[in-house]
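**Student:** As you go down the protein sequences, you meet chains D and A in turn.
Quick note on numbering: the first sequence equals residues 1 to 487 in our numbering.
Quick note on numbering: the second sequence equals residues 1001 to 1184 in our numbering.
Mixed in with the good hints, there may be bad ones.
[Stated by the list, open to error] Covered by chain A, per the in silico footprint, the following chain D stretches (three or more residues, Cβ under 8 Å):
id, segment
1, 55 to 66
2, 350 to 363
3, 381 to 389
4, 396 to 407
Just so you know, the hints here were simulated from the structure itself, not pulled from any lab data.
Beta carbons are placed, not taken as given, at the ideal position from N, Cα and C, and that holds for glycine.
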Amino acid sequence: MVVTCPDLHSANLSADPDIQTARRHEQMIAAVTGFCPDVEVVEPGVCAFGARGPARYFGGETALAARIIAALADLGLAGRVGVADGLFAALLAARDGTIVSPGGTAKFLGAQPVSVLADHGLAAQDLAAQDLAAQDLAALLVRLGLHTLADFAALPVRDVASRFGDAGEGAHQLARGLDSRPLATRPPPAELSVAHRFDPPEPRAEPVVFAAKALAGRLHDALAARGLTCVRVQVKATWADGQESSRRWRHDGLLSAAAVADRVRWQLDGWQPAPPDDGKPPGDNKTADDENIPGGIVALRLVPDLLVRATGQQLALWGETLVSDQVARAAMRVQAMLGHEAVLRPVLGGGRNAGDQVTPIPFGEKTEPRLPAGRPWPGRVRGAAPGLVFPAAREAEVTDDAGRAVTVSGRCAVSAAPARLAVRGDPPRRITGWAGPWPLSERWWDPSAARRRARFQLVTEDGRAWLAVVEDGRWLVEAGYWLIGLG
Amino acid sequence: MAEFGLLCLALAAAPSADGAWCGIAGIPEAGVLAAAALGLDAGRTLLVPEPGPSWPQVVASLLDGCELVLLRPPARASAQVRQRLEATLRRGRGVLLVAGDWPGAQLRLRVASQRWTGLGDGHGRLRACCAEVTADGRGEAAVTRTRWLWLPGEDGGVAVADPRNLPFDLLQTPAAPALRAVSG
């Protein structure tokens, strides 16, 4: 039995990611799944299932078709149902809502014009996306005087195969009703998210955290029963005033129910920054809790995100710094307050510039440097590394004894010895020592990423040292070498 | 931009090399590469570059997980905030290093002068830094002590320098005191 919804079928879901259409498609599949759990989704708006069992249960194919059409009409969808032996014939039958009686499929197919081979989506699917070939074939068959599938099916298989090749042979099989591949049914999508409603709304965090522990236990049981685990778990808390806090937490199948409950607690704590005077333990200070949770929580929902097969967890034997529970707890609590990107782990890598050699990676993600270490990286600044690397280079002016700006020519000749350094926002400093320029030309093959720059090291009278860069005639200070800010 | 420098990272490096976790809060320009050269284990370091207005809570949370937290407060710490953080420190086993002013710290380190070597007039490269570091504080640390240090030395590490054998004339060093506080 094939159910089609022409409205959804005409919309090409893969090319046009229309959420509304996709949702209606899901609704349609869910409605059909209510009659038979094993449904194959053939195309957007088209699904097929084996009709024998459900038809017997619902009192015949006609009765079943009427029920399905009524169920789809409730959703506002115009559905058509076709019944025949084999998927191809049933798809044809669904075009005009025919119910072909058992044994009548050969006659039904034989009466169809050969053009159905071309314009039917199934032809393209079964002939391995040889849509164009199928169209050509249909036109050719008409020119050869074969107008119906019966005419085509009457040809000997060997002649069809030698004249039309694989595509022709496939079409010939369809015409003879031999497409009987078993339906590739999908199991009904399991609803794995768990939710708890609080009635009346719960103003304090503790009961919510307690409920979260039980919820997480249910979620873990449901996942384990299917042999699954989730990479992340999404915690959604809804307040009585309609606000919602949603955050994804890394799970990887490693969190216990209590650990999930902890994350719920941090999320609730971090939802509104606690007032600065809440040093007291929770419980004896109801007003502080009330401020934390405006109006109380009405619902808590845990949604598993990115389901993967549970294969267990194997830690690396060497080379992986173990993050203890205590550290992970502290880092995640800060992430709950400030966001996922706020807690970073530095990873040392390679690179030519001061800022390139350390890649900050948000805590909990895979630590891999952006640029690999262990390469020569010609042109990098050697010697002691700077203790301060400014996240954004600071603009500066460097002048010589006469007060003229120091420039660097294309051949790396310095116009005069630098004598004064004026970093924007700071008073000018006298330069007591300098070295450079060290030229660096990066990625000259890529105009958008190419950079030409000349680096200097400068020492100023107050004992500080600076890493300065000339790029496009401008001076920038990238890094500083000093033990402490001297003023 | 004031008050933070390589000395803070050097203080954090030794415990980190011994297996302690180190949190660095409020210092987006911390040069992790230089700290790693002094012994900091980048794998056991957490950076919170922008702790925001609720930095006391952030630091308290970090102190739960890290043995050592290096902090430059984004705003001036009120006496109340300081007392709460000090109470957290007494409960736990952590050390708080503050780049900046922190009245009542156990130990304060100052750099009286610093001088880089290796750079000439248009040639050379920065090789080592010699600094005069002064420590004073409360309790056992009440006696003020002064040492000349190579930080970093020619080999990248930290070493005590011999004041009779400095690469420059002591009288010409600029003396600009700076305060920083260590509480532990």
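**Student:** Next step is simple, just say for each hint if it's right about the structure.
**Tutor:** Now for the hints, and whether the structure bears them out:
no. : hint       : verdict
1   : 55 to 66   : violated (count 0)
2   : 350 to 363 : holds (count 5)
3   : 381 to 389 : holds (count 9)
4   : 396 to 407 : violated (count 0)
The structure is inconsistent with the numbered hints 1, 4, although it conforms to all the rest.
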